[in-house]
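Add chain F to chain G, keeping to what the hints say.
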Amino acid sequence: DVKVTQSSRYLVKRTGEKVFLECVQDMDHENMFWYRQDPGLGLRLIYFSYDVKMKEKGDIPEGYSVSREKKERFSLILESASTNQTSMYLCASSFLAAGESTDTQYFGPGTRLTVL
Amino acid sequence: AQSVSQHNHHVILSEAASLELGCNYSYGGTVNLFWYVQYPGQHLQLLLKYFSGDPLVKGIKGFEAEFIKSKFSFNLRKPSVQWSDTAEYFCAVNAGNNRKLIWGLGTSLGVNP
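Protein chains in written order, with our numbering: chain G, 1 to 116; chain F, 1 to 113.
Next comes chain G alone, as it looks inside the complex (with noise of 0.2 Å):
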């Protein structure tokens, strides 16, 4: 079973601290992904890392940076929070299985982040 695991459930920051919110996953995935899930605006692609030190912007990369040291650990930076930053963020990571034809994504249980 594909486990992706972030590092906390439940964060609560303050307007311009930096935060950090870590992804984990066991199955030597080559792709990680991080979203931000807000309602009635569906899943948006902040980043994602198609290999060790390798990333690309999303839709929405504006105020966060990643960081890929380790192939089953994918970082995503809020350098100055803002409470326009509150929201739902998920980790993903994907690979190709044999005979498919393309990547299938698998969720971690995401991170609520507050920021005061």
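These are computed hints drawn from the structure, not numbers from a lab. Ideal Cβ positions, reconstructed from N, Cα and C, are used throughout, including at glycine. Hints may be right or wrong, so weigh each one.
[Stated by the list, open to error] Residues of chain G clear of chain F, computed beta-carbon distances all greater than 12 Å: (1) 11; (2) 17; (3) 64; (4) 68; (5) 71; (6) 72; (7) 77; (8) 87; (9) 116.
[Said to hold, decoys possible] Using C-beta positions, here's what the derived DEER-type ranges look like: (10) G:38 to F:82: 24 to 30 Å; (11) G:17 to F:70: 48 to 54 Å; (12) G:65 to F:12: 37 to 43 Å; (13) G:40 to F:70: 29 to 35 Å; (14) F:30 to G:61: 25 to 31 Å; (15) G:9 to F:60: 22 to 28 Å; (16) F:52 to G:17: 45 to 51 Å; (17) F:64 to G:63: 36 to 42 Å; (18) F:2 to G:73: 26 to 32 Å; (19) G:38 to F:61: 25 to 31 Å; (20) F:30 to G:17: 43 to 49 Å; (21) F:60 to G:17: 36 to 42 Å.
Okay, now just chain F, sitting in the frame of chain G:
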């Protein structure tokens, strides 16, 4: 731009009713299609996926979806819903060779016992 549209934002059904959730996408080439479900307080999990072959795909918990290429649709169905199907359902599309998924906004399903 590629997009995914889920027609119903909120659906409320009684137990044993039949379910059909619409999903349409805008992309003229090869697509791979997914339905994910998020039960209250739980993580997103894969319900079913279509890559090729038989356009009628069966997933977990009695769900199925049909890919109709001419209609750019991938509707989710279940003949008889249960209270435990109360959840948010997301349709997603992978277009071409892109690693990224394009997501619909989700449909919130409530099932009354």
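Here's how the hints hold up against the structure:
Once the 12 Å rule is applied to beta carbons, residue 11 (chain G) is consistent with being away from chain F; the minimum gap is 16 Å. Every Cβ of chain F is farther than 12 Å from the Cβ of residue 17 (chain G); the closest lies at roughly 26 Å, confirming the non-interface assignment. Annotated as non-interface, residue 64 (chain G) keeps its C-beta farther than 12 Å from every C-beta of chain F; the closest such distance is 16 Å. Remark: the non-interface label on residue 68 (chain G) is consistent with the geometry, its nearest Cβ contact in chain F lying 14 Å away (cut-off 12 Å).
At the 12 Å boundary, the C-beta of residue 71 (chain G) stays outside the reach of chain F, the nearest C-beta of that chain being 16 Å off. For residue 72 (chain G), the condition that its CB be more than 12 Å from all CB atoms of chain F holds, with the nearest at approximately 18 Å. With a closest Cβ-Cβ approach of about 21 Å to chain F, residue 77 (chain G) is found to remain outside the 12 Å limit, as its non-interface label requires. No beta-carbon of chain F is positioned within 12 Å of the beta-carbon of residue 87 (chain G); the least distance is around 15 Å.
The non-interface label for residue 116 (chain G) is consistent with chain F: the shortest C-beta to C-beta separation is roughly 23 Å, beyond 12 Å. Taken as a hint, the range 24 to 30 Å holds for the pair residue 38 (chain G) and residue 82 (chain F), whose Cβ atoms sit roughly 28 Å apart. The given range of 48 to 54 Å is respected by residue 17 (chain G) and residue 70 (chain F), whose C-beta atoms sit roughly 52 Å from each other. Checked against the hint of 37 to 43 Å, the pair residue 65 (chain G) and residue 12 (chain F) passes, with Cβ atoms roughly 41 Å apart.
At roughly 30 Å, the beta carbons of residue 40 (chain G) and residue 70 (chain F) sit within the given window of 29 to 35 Å. The given range of 25 to 31 Å is respected by residue 30 (chain F) and residue 61 (chain G), whose C-beta atoms sit roughly 27 Å from each other. The given range of 22 to 28 Å is respected by residue 9 (chain G) and residue 60 (chain F), whose C-beta atoms sit roughly 24 Å from each other. For the hinted restraint 45 to 51 Å between residue 52 (chain F) and residue 17 (chain G), the CB-CB distance of approximately 47 Å keeps it satisfied.
Taken as a hint, the range 36 to 42 Å holds for the pair residue 64 (chain F) and residue 63 (chain G), whose Cβ atoms sit roughly 40 Å apart. In this structure the hint that residue 2 (chain F) and residue 73 (chain G) lie 26 to 32 Å apart at CB holds, the actual value being about 30 Å. For the pair residue 38 (chain G) and residue 61 (chain F), the beta carbons lie near 26 Å from each other, so the given range of 25 to 31 Å is met. The beta-carbon spacing between residue 30 (chain F) and residue 17 (chain G), approximately 44 Å, falls within the hinted interval of 43 to 49 Å.
For the hinted restraint 36 to 42 Å between residue 60 (chain F) and residue 17 (chain G), the CB-CB distance of approximately 40 Å keeps it satisfied.
Violated hints for the displayed structure: none, as all numbered hints are satisfied.
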